[in-house]
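Colleague: So the chains spell out like this:
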Amino acid sequence: MSQKNHLEQIEAYLDGSMSPEERQDFESRLKTDNALAEAFAAAQSATDALDILVQIQLKKQLKTMEKQRSQKNKFSIRKNIIPLAAAIILGVLTIAWFGIRSTYSDSSLVAAAMETYPGTGIRGSAEIDQGVQAYSEKNYASAMEYFEGITKGDPYYSTAQFYLGNIYLENGLSSKAIRAFEIVRDNNDSRFAEPSEWFLALSYLSSGQRNSAKEELGKVARNAQHAYKEQAEKLLSKMGSPMRSLPGI
Amino acid sequence: MPNYSDQEIIEAIREGGQQLETVMAFIYNESTYRKDIFRYVLSRGGSQEDAEDVFQDGIRNLIICIRKGQYRGESSVKGYLFGVCKNLWFKQFNKQTRHSEYKSTLQVVETDGVNPEILIVTKEREEIIDNLLGELGPACKKVLTLWRLSYSMKEIAAELGYKSDGVARKKKHQCFQGLLKIVHDNPDIINLLREKL
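The listed protein sequences derive, respectively, from chains A and B.
Add 116 to a position in the first sequence, counting from 1, and you land on the number used in the working numbering.
Number 155 in the working numbering belongs to position 164 of the second sequence; there are no gaps in the numbering.
Note that these hints are calculated values from the structure, not bench results.
Treat the hints with care, since some could be wrong.
Here are some chain B residues pointing at chain A (derived, C-beta under 8 Å) [to be verified]:
no.	residue
1	E43
2	F167
3	L184
Each computed DSBU-like pair below joins lysine-lysine, with the alpha-carbon atoms no more than 30 Å apart [stated by the list, open to error]:
no.	chain 1	residue 1	chain 2	residue 2
4	A	K190	B	K172
5	B	K59	A	K179
6	B	K161	A	K183
7	B	K161	A	K176
8	B	K172	A	K188
Note that the structure is a prediction, hence the values are computed from the model and not measured.
Note that CB positions come from ideal geometry on N, CA and C, so glycine has one too.
Required output: the full structure, derived from the provided sequences and hints.
Modeller: Following this line, the structure appears as structure tokens:
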């Protein structure tokens, strides 16, 4: 048999394209045909060398898979970054919104502008003196009892209502504070005229009556001699801030 | 990606061709195979890169073992691969470190009573043989490699852009003749292949 035929048979054997009978016959002949056995040994060395190329090929394929995997991971990280960034932005905006709200909301503006009216230097009846004393000590419950006991017609009614207004405003009872300061304003008690206008404006703002607050503050700010002119201007300016137009402020 | 049983993996690797590639991608990307091996290498001082190399070499070794008929199914594919990777890391670690106290913590692993044999050759030897076979040219190398991996002539033709499987068969025959000549003319190749790995 020629060398060419040997090679074709060996390739067919290695291909696995022989029938079981042909394979058996080929393997038998390997034991008896020296030329075929020699050619087969050479082919085996060649396929052993080829197996190294197979290893290299598998390595290349695995490297390609590694690259694809790392790209996929990068993409997945990128994919995750968008919701993460959105969450961060949302978080920052929320924090900023709370920051703005804590600066520009009605209650925050009132709290920032509010200075407790001093309880010193006012003298009057025994109830007034005791009420003012309790007020100075921030014992508002006790002070309220004294002041609320002073009824309309009492010469110190305006004084009592003025302090009551302050206590109400301080404790968030803005509607009651408005009524108290309006009584003081209407009674034209010169001692409390200017502070009651200022605190009335704050009471309006505290109760959410922004227009009334602006109107009252405008009067104060326009009066060059007014004791609270500067505070009123500042507060009006803050009330006009664009931050106040954000939703929920 | 579909799930494969051990039997399906072994059959696909034995059959070769495109399905071998698919199964190899499954093993490579399946987290249950990867996780244990990475954890093992990382917990023994290896880097991510070391773990990746060991994992890839382990897969290659598994494929070669199965194709050479040396995997007898006495342990699961996952267990066998893990054993191969442990042995590969042991081999690499021995090379890398001189610290005998660490060496003593690593031992060649037997998986279910089977000692997975390392069949893949070193990178250096790969390069030498690749160079000695350089005369074949890239196309012949590719045709013969795919043939050795049991790709059908149709798959080889598609892979290399040949018109038909007949063309691929003819090309493979020519290339194999060329390979025989190179091996015949370079006894170094046979000597290298016979040397202990």
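Colleague: Measure nothing beyond the straight line between the CA atoms of K161/B and K176/A; if it is 30 Å or shorter, mark the hint as holding.
Modeller: holds, 26 Å
Colleague: Need the status of pair K172/B, K188/A: alpha-carbon distance at most 30 Å?
Modeller: It is violated: about 44 Å lies between the C-alpha atoms, which goes past 30 Å.
Colleague: Holds or violated: are the alpha carbons of K59/B and K179/A at most 30 Å from each other?
Modeller: Given pair K59/B, K179/A holds - Cα atoms ~23 Å apart, limit 30 Å.
Colleague: Against the 30 Å threshold, does the CA-CA distance of K161/B and K183/A hold or violate the hint?
Modeller: With a Cα-Cα distance of about 34 Å, the restraint between K161/B and K183/A is violated, given a limit of 30 Å.
Colleague: Interface hint check: E43/B, Cβ to nearest Cβ on chain A, cutoff 8 Å. Holds or violated?
Modeller: Check passed: Cβ of E43/B comes within 7 Å of chain A, closer than 8 Å.
Colleague: So if I understand the rule, the pair passes when the alpha-carbon distance is 30 Å or less; does K190/A with K172/B pass?
Modeller: Given pair K190/A, K172/B is violated - Cα atoms ~47 Å apart, limit 30 Å.
Colleague: Does the nearest C-beta of chain A fall within a distance shorter than 8 Å of the C-beta of L184/B?
Modeller: For L184/B, the interface hint holds, since the closest Cβ of chain A sits about 5 Å away, which is under 8 Å.
Colleague: Would the hint on F167/B stand, with a C-beta cut-off of 8 Å toward chain A?
Modeller: holds, 6 Å
Against the hints set out earlier in the document, violations occur for numbers 4, 6, 8.
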